[in-house]
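**Student:** Protein chains in written order, with my numbering: chain A, 1 to 429; chain B, 1001 to 1429.
Keep in mind the hints are simulated off the structure, nothing from the lab.
Careful, some of the hints might be misleading.
Unchecked claim - For lysine-lysine, the following BS3-like pairs were computed, each having C-alpha atoms within a straight-line distance of at most 30 Å:
#, chain 1, residue 1, chain 2, residue 2
1, A, Lys216, B, Lys1216
2, A, Lys88, A, Lys2
3, A, Lys204, B, Lys1216
4, B, Lys1358, A, Lys358
5, B, Lys1091, B, Lys1064
6, A, Lys64, A, Lys2
7, B, Lys1091, A, Lys216
8, B, Lys1091, A, Lys159
9, A, Lys216, B, Lys1020
10, B, Lys1159, B, Lys1081
11, B, Lys1216, A, Lys20
12, B, Lys1204, A, Lys204
13, A, Lys216, B, Lys1204
14, B, Lys1159, B, Lys1091
Claimed, not checked - With the C-beta cut set under 10 Å, the calculated list includes, among others, these residues of chain A facing chain B:
#, residue
15, His93
16, His129
17, Ser165
18, Ile169
19, His170
20, Ala208
21, Phe212
22, Lys216
23, Arg221
24, Met242
25, Ala250
26, Ile251
27, Cys252
28, Asp254
29, Gln256
30, Pro258
Just so you know, these numbers come straight off a predicted model, no measurement behind them.
C-beta atoms are modelled at their ideal positions from N, C-alpha and C, and glycine is treated no differently.
There are 2 protein chains.
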Amino acid sequence: MKVVTCLSPTNIAIIKYWGKENPVLNTPLNSSVSVTLDPTLLYAKTSIAVDQSFSATRMWLNGKELSQLPSRAIAVIELLKSLSGDPKCRKMHFHIVSENSFPTGAGLASSAAGYASLVYTLAQILDLHIPLEELSVIARQGSGSACRSLFGGLVRWDKGTDSASSKAIHIADETSWPELCAVICVVNEKEKETSSTFGMQLSKRTSALLPFRTSKIVPERIEAMQSAFLEKNFTQFGRILMQDSNQFHAICLDTQPPIFYMNATSQHIISLIHAYNNISEDGEIRAAYTFDAGPNAVVYTTRAYLEELVQLLQLVYSDLKNIPFEASLSLHFQSNSKALRPQVRQLGDSMRNPSLRKGIRRLYISCVGSGPVILDPTESLIDVRNGLPRKLPLKERGTHSMGTRRSAFSIGLGAVVALAIIGSFFMRK
Amino acid sequence: MKVVTCLSPTNIAIIKYWGKENPVLNTPLNSSVSVTLDPTLLYAKTSIAVDQSFSATRMWLNGKELSQLPSRAIAVIELLKSLSGDPKCRKMHFHIVSENSFPTGAGLASSAAGYASLVYTLAQILDLHIPLEELSVIARQGSGSACRSLFGGLVRWDKGTDSASSKAIHIADETSWPELCAVICVVNEKEKETSSTFGMQLSKRTSALLPFRTSKIVPERIEAMQSAFLEKNFTQFGRILMQDSNQFHAICLDTQPPIFYMNATSQHIISLIHAYNNISEDGEIRAAYTFDAGPNAVVYTTRAYLEELVQLLQLVYSDLKNIPFEASLSLHFQSNSKALRPQVRQLGDSMRNPSLRKGIRRLYISCVGSGPVILDPTESLIDVRNGLPRKLPLKERGTHSMGTRRSAFSIGLGAVVALAIIGSFFMRK
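So that you can see chain A by itself, here it is in the shape it has in the complex:
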């Protein structure tokens, strides 16, 4: 029995993808750019086994076997099989076990990491030595933004002119801007959101502004954003980031009926970040937000302001208690290690709003990360003796003590948990 286990990162769009050119092939109306996050923090982990004794392809997601494979997963498997030169490949059956690191209901991207993980692990087990760009064409057909999770650092997803040319392009490595950090604010919410697939269709059909955005605005912004990243110009990066996030939500509002993905806490985070930048002594931007198709904020900042930003968020949104957070291993991050500067504390005090306290549930703090990683067999989710998922103690993550730095790896094996339905498309751009 051959088993391969990989870890794939999630990615956060910094120029947003919204609207499908071809809904079946997942080709987009416009190109997009993303930053890959640390694969050891927010990841999909997939083990795939292949053996002649298997009579069918089976899939377990977050501890539960699926009664039937998602059609997009079937499509992706067949595409990869067809790329293999091995004729025996056609008859192969796989056991696929996949889990996400993030807790249930966080409203975080799952399909991007999930499909990147599926495609990357399948390519390993099939010994497909094809370029990652080519692999990204297949990942894209699983979930659009998954194609960008196959590379680390800065990645552009080219719209392309057909399916073969609609692929991810690696722009910069994860080491090219080590000071850049992302703080993912998991916002408390009650109401259900509109799925991105449905929202994109509706916007494409009804927004009068969307064609102008895709044809005129996005191409220029992509150029400017790539330059900002390569020049490590955070002010330029942050300005475009916020503009593009707001414009994506403006397109949602211009949709009929309008779609509101942000809630009162999201809006308040926007005000807080602008206020925080307004007290910057040199006029440079210190932090910048982006929102996907949900209320959670991803706030980018640089290492120099990271601790201050986290403390500010804890002050404003947790009723004076800390908000639990989990950080990239490589950050060596400690909150509460120093007192807030007086003007930042004053800002935090002035922005507190009784109705929005407890507005943020938890934080993930990540540096820029690499693409998928192949793990050691000891990390496998599959028991080689029977080809079935290993029995792992199922502990609920995300409830541990506040303000501690955790290693995602240390939890990875012992307490991997729920969520991340591959084939679901909520909250992805």
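Dock chain B against chain A, hints included.
**Tutor:** This is chain B only, laid out in the frame that chain A set:
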């Protein structure tokens, strides 16, 4: 002593004005269209006296004398004086007393009715026999949307090519669509809003979508909207109304920093109206919302669905109690006169949300109204014996018993109340 008293209506933009071409002259980036509401319901009432004994022009707004005249009021007075052939006019001083019918803090349009009232009354006292279109050029320089309040029914404000051509054009009379009604939902809010003047400047400077809206989208929508109104096609009217309201707020979101004028109740009203239209048996639109630069909704409907709509709003937003309302005299409107249809009651029950109960504070229900009205001297706000404001008992309106139909006139003389700072520009398009 010569005294003239007039009543001017407010108007609700159905294709929105957003962005000033020339901020001093109040010329707009795009043409706009509005419906004039009943001047006896939501109005500015202005008495102006002129007498040789007056040593200076003085102004009282809502019972209080202004320490100095707003610069826009001075500009408007001088422009009108210059149009008079009478050379004595230059030395004239006026006593201007103006009051609004709507209660303090309602967040309703005040400057449009206020400046229309000022300009119209001054034209009467100066015996200026000039066309209303020409007068609208002057009203526009007081407050942009005031130009549209000089006519009843459907009014277009042409962007024009210069100050003289940026004026209001009368498209249809107030009698042309008697079935059309507007339900103004005064939404409870706590936070302060961004002034429209400031918001427009910010959008003009920073929104990448605004130039496309003004140049490409608005001209087509104005044509389509005028046709819908003239053909009394409510489905067409309602569809464009909602699209344009949403697009205006999308432009606000595309502004940096983004502007949010709508709150959670506003968003919920949007969902309710779409859900209400979804249960329409014939697929036609029954009600349609529009939001200006604030959280209040104006919901247009036709006479046939008015009572049902008001009852639905009362059911959803008042914790099962009625919401107080005030209606146009000519509507002969009675709420609770019939039971809600089962599917409408079911909708109302399913849409109730504990956090948004009491989301609407009161309703104004208006038919389409006429332009300014000259009142009888007995209605004067000025005492002819001394040229000073008449002492009127100041009663707080808007707190009377629920669900009663009130005549704005009956309250007008006895209990005229606060608000409506002429020269303030909040909440107008």
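**Student:** Look at each hint and say if it fits the structure.
**Tutor:** Structure-based check of all given hints:
1. A/Lys216 x B/Lys1216: Between A/Lys216 and B/Lys1216 the Cα gap is close to 14 Å, so the pair holds against 30 Å.
2. A/Lys88 x A/Lys2: Roughly 15 Å separates the two Cα atoms, so the pair holds.
3. A/Lys204 x B/Lys1216: holds (18 Å)
4. B/Lys1358 x A/Lys358: holds (23 Å)
5. B/Lys1091 x B/Lys1064: holds (25 Å)
6. A/Lys64 x A/Lys2: Given that 30 Å is the threshold and the Cα spacing comes to 22 Å, the pair holds.
7. B/Lys1091 x A/Lys216: violated (56 Å)
8. B/Lys1091 x A/Lys159: violated (69 Å)
9. A/Lys216 x B/Lys1020: holds (24 Å)
10. B/Lys1159 x B/Lys1081: Since the Cα atoms of B/Lys1159 and B/Lys1081 sit roughly 25 Å apart, the hinted pair holds (cutoff 30 Å).
11. B/Lys1216 x A/Lys20: With Cα atoms ~24 Å apart, B/Lys1216 and A/Lys20 stay inside 30 Å; holds.
12. B/Lys1204 x A/Lys204: holds (25 Å)
13. A/Lys216 x B/Lys1204: Satisfied, since the Cα-Cα distance of roughly 18 Å is no more than 30 Å.
14. B/Lys1159 x B/Lys1091: Violated, at about 34 Å.
15. His93: Violated, because the Cβ-Cβ distance from A/His93 to chain B comes to roughly 45 Å (cut-off 10 Å).
16. His129: Interface hint status for A/His129: violated (43 Å vs cutoff 10 Å).
17. Ser165: violated (27 Å)
18. Ile169: Result: violated, 24 Å to nearest chain B Cβ.
19. His170: Because about 28 Å separates A/His170 from the closest Cβ in chain B, which is outside the 10 Å limit, the hint is violated.
20. Ala208: holds (5 Å)
21. Phe212: holds (4 Å)
22. Lys216: This hint holds: A/Lys216 lies near chain B, its Cβ roughly 8 Å from the closest one there, short of 10 Å.
23. Arg221: Nearest chain B Cβ about 9 Å off; hint holds.
24. Met242: holds (7 Å)
25. Ala250: holds (4 Å)
26. Ile251: Hint holds; A/Ile251 Cβ to chain B Cβ min 7 Å, cut 10 Å.
27. Cys252: holds (8 Å)
28. Asp254: holds (4 Å)
29. Gln256: holds (6 Å)
30. Pro258: Interface hint status for A/Pro258: holds (5 Å vs cutoff 10 Å).
Going through the hint list in order, the structure does not satisfy hints 7, 8, 14, 15, 16, 17, 18 and 19.
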